[in-house]
Amino acid sequence: MSEVLNIKSPKRTVFWLLVFLFPPTIGLGLVYYSAAQGLTMGFTNWNIISAPKWIGLKNFEQIWNDYRFWLAVSNTFFIVLVTVPAQIGLGLLAAVLLHRIKGKTSSILRFVYFYPTTCSVVALGLMWMFIYDSGGLLNQGLEFVGLESVRWLGYGNALLSVCVLIIWTGFGYISLIYVAGLAAIPEQYYEAAHLDGANSWQQFFYITLPMLTPTTFFLIVVTTIGAMQTFGQVYIINGRADSTLTIVQYIYEKAFTQFSMGYAAALSWILISFILILTVIQVRLQRYWVSYDI
Amino acid sequence: MTSKLIQSATRMPRDSNQTIRKVSLGDITANTILVFLFVVITVPFIWSAIASFQTPHDFVSGKGFLPSEWTLTNYKKVFTDIPMTRMIANGVFIAGTASIGGVFASAIAAFCLAKVNFKGRALYLSIVILTMMIPPAVLLIPFYTIMYALSLIDTPWALILPHLTGSAFAIFFLRQHMLTIPHELHEAATMDGCSIASILFRIYLPLVKGPMSVLIILNFMIHWNDLLGPLIYLNSVEQMTPTAGLSFFRGQFASEYPVLLAGSIVCIVPTTIVFLLFNRQIRQGLLISGLK
Chain A
6 MSEVLNIKSP
16 KRTVFWLLVF
26 LFPPTIGLGL
36 VYYSAAQGLT
46 MGFTNWNIIS
56 APKWIGLKNF
66 EQIWNDYRFW
76 LAVSNTFFIV
86 LVTVPAQIGL
96 GLLAAVLLHR
106 IKGKTSSILR
116 FVYFYPTTCS
126 VVALGLMWMF
136 IYDSGGLLNQ
146 GLEFVGLESV
156 RWLGYGNALL
166 SVCVLIIWTG
176 FGYISLIYVA
186 GLAAIPEQYY
196 EAAHLDGANS
206 WQQFFYITLP
216 MLTPTTFFLI
226 VVTTIGAMQT
236 FGQVYIINGR
246 ADSTLTIVQY
256 IYEKAFTQFS
266 MGYAAALSWI
276 LISFILILTV
286 IQVRLQRYWV
296 SYDI
Chain B
68 MTSKLIQSAT
78 RMPRDSNQTI
88 RKVSLGDITA
98 NTILVFLFVV
108 ITVPFIWSAI
118 ASFQTPHDFV
128 SGKGFLPSEW
138 TLTNYKKVFT
148 DIPMTRMIAN
158 GVFIAGTASI
168 GGVFASAIAA
178 FCLAKVNFKG
188 RALYLSIVIL
198 TMMIPPAVLL
208 IPFYTIMYAL
218 SLIDTPWALI
228 LPHLTGSAFA
238 IFFLRQHMLT
248 IPHELHEAAT
258 MDGCSIASIL
268 FRIYLPLVKG
278 PMSVLIILNF
288 MIHWNDLLGP
298 LIYLNSVEQM
308 TPTAGLSFFR
318 GQFASEYPVL
328 LAGSIVCIVP
338 TTIVFLLFNR
348 QIRQGLLISG
358 LK
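Residue numbers (our numbering), protein chains in the order written: chain A, 6 to 299; chain B, 68 to 359.
Hints are supplied without guarantee of correctness; some may be wrong.
Footprint (simulated), chain A over chain B, 3 or more residues, beta carbon under 8 Å [what the hints assert, rightly or not]:
| # | region |
| --- | --- |
| 1 | 150-164 |
| 2 | 174-186 |
| 3 | 209-218 |
| 4 | 329-337 |
To be clear about the criterion: a stretch of chain A counts as covered by chain B if any three or more of its residues have a C-beta under 8 Å from a C-beta of chain B, and this derived list gives those stretches [unchecked claim]:
| # | region |
| --- | --- |
| 5 | 131-139 |
| 6 | 263-271 |
A few chain B positions that, by computed beta-carbon distances, are all more than 10 Å from chain A [claimed, not checked]:
| # | residue |
| --- | --- |
| 7 | Gly93 |
| 8 | Ser115 |
| 9 | Phe120 |
| 10 | Arg269 |
Hints listed in this document are in silico derivations from the structure and should not be mistaken for laboratory results.
Positions of the beta carbon are idealized from the N, C-alpha and C atoms, including for glycine.
Full structure from sequences and hints, please.
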């Protein structure tokens, strides 16, 4: 272990080590204790004030028969199914187009596309709430071209409107990652393909896309996990309306407005299982389409 | 390659073969899409910024893009009817303390795990890394009960303390950086009889300033933009951060939209400044870490 300090005065070093590792050790203790507590809490009935009561699987039984839970599940999966492909598709498109132009324009555009990701979800949510408003920007535009206005946040439309906001916010981050991925593809591949007479489309489908599959895989996993936990956008835009209820929002509502801690803990375990299952499926499926060695 | 092709193509005379015209047509489509996306991203910001100077009456009547009368009342209301100054101070305090404290704690731990030899070091590191596997959603409720037991609910410390212990990712990230620093540096220092504390503070922390600042900037933005945490832990208006405060006042100002829009603009100004100042570090940090 030559890379490690050779200790001259062990006592002093032990003292400093204890001091230095004190905060992270407390943190580790907290995290593991909390994870264990979260696991057992799901099997109790607890309102935080009185002592928790062990009730076995009753919470899970109740969840199974809870129509709002199923509503939250279907809304959340809808958000995942719409926003993940759309964000990644749009992000890839933007990245490929940005890669064609170099220099200042490209970096300004990347900067602008990425900007919403850095903004508070609350601020963006409020802005879009008024864009979707009955007299908002979108309806003004529709009126301007002579179309009827739409209730963007009405029961049937609200969920899709939220998805649009999520896609609008997130695709810039994705294109940023893709631009880095594109820059890593060796130029020679394109030169060789060009000499063999491949056109731009062929080059895209036979070189660019396969070379980007590891990036795409990473982005699918990350954005799916993010979309499964959608909260801020729906909370701001639609308040507590059931049309856009998501799982995290339901957990929040149960735990911190009704103080059904046990029920909410059981819900969060279900959410985690969903995320885990999705991730495992994605990891399993990657060998069919992700190429790590070209 | 393609761009080179296009460059040479555009320089050629117009009446050459068809493929060249096809490529430049592709170029036009590409640029149109880029401009379209640019417009789609910027218009909501511009529109909100303009609307935040509108009178509520103007906004509701919704006639045209530009207000008939520019007014600062909305911004005044943000700072008088909503205690925004207080909220910004809370937000800066929470995000600043949590990010700076957390990254320093992580850097110190990373130093111990990278450069000091002690029994159980490898085990400690794997216990740290294992916490990255635990989803934050599991910890939400138990953490709340801990803060409740410590009676820290409705204080900024409920949001700060959990971060002051350092994060697994930051520890791992900074440890990797410290491993790349040659050990000749501290060998000389040890010869001179320096303690590991002075080696850490005089040699290693200055050398990982770059990665540390990337982490601090990213964490600052994440904490500033956080909604769920402040919503859970902060109940009284005086304790709220701008994000929680705006969502709290959303109902009260439901009929005065421009005030809420002005509040939103105020809320994104600090992160925008940070982003403009450090955009290279932020993008670089995001690329390395993949964290959002």
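Enumerate the violated hints, using their earlier numbering and listing them in ascending order.
Hint check: 1, 7, 8 fail, others pass.
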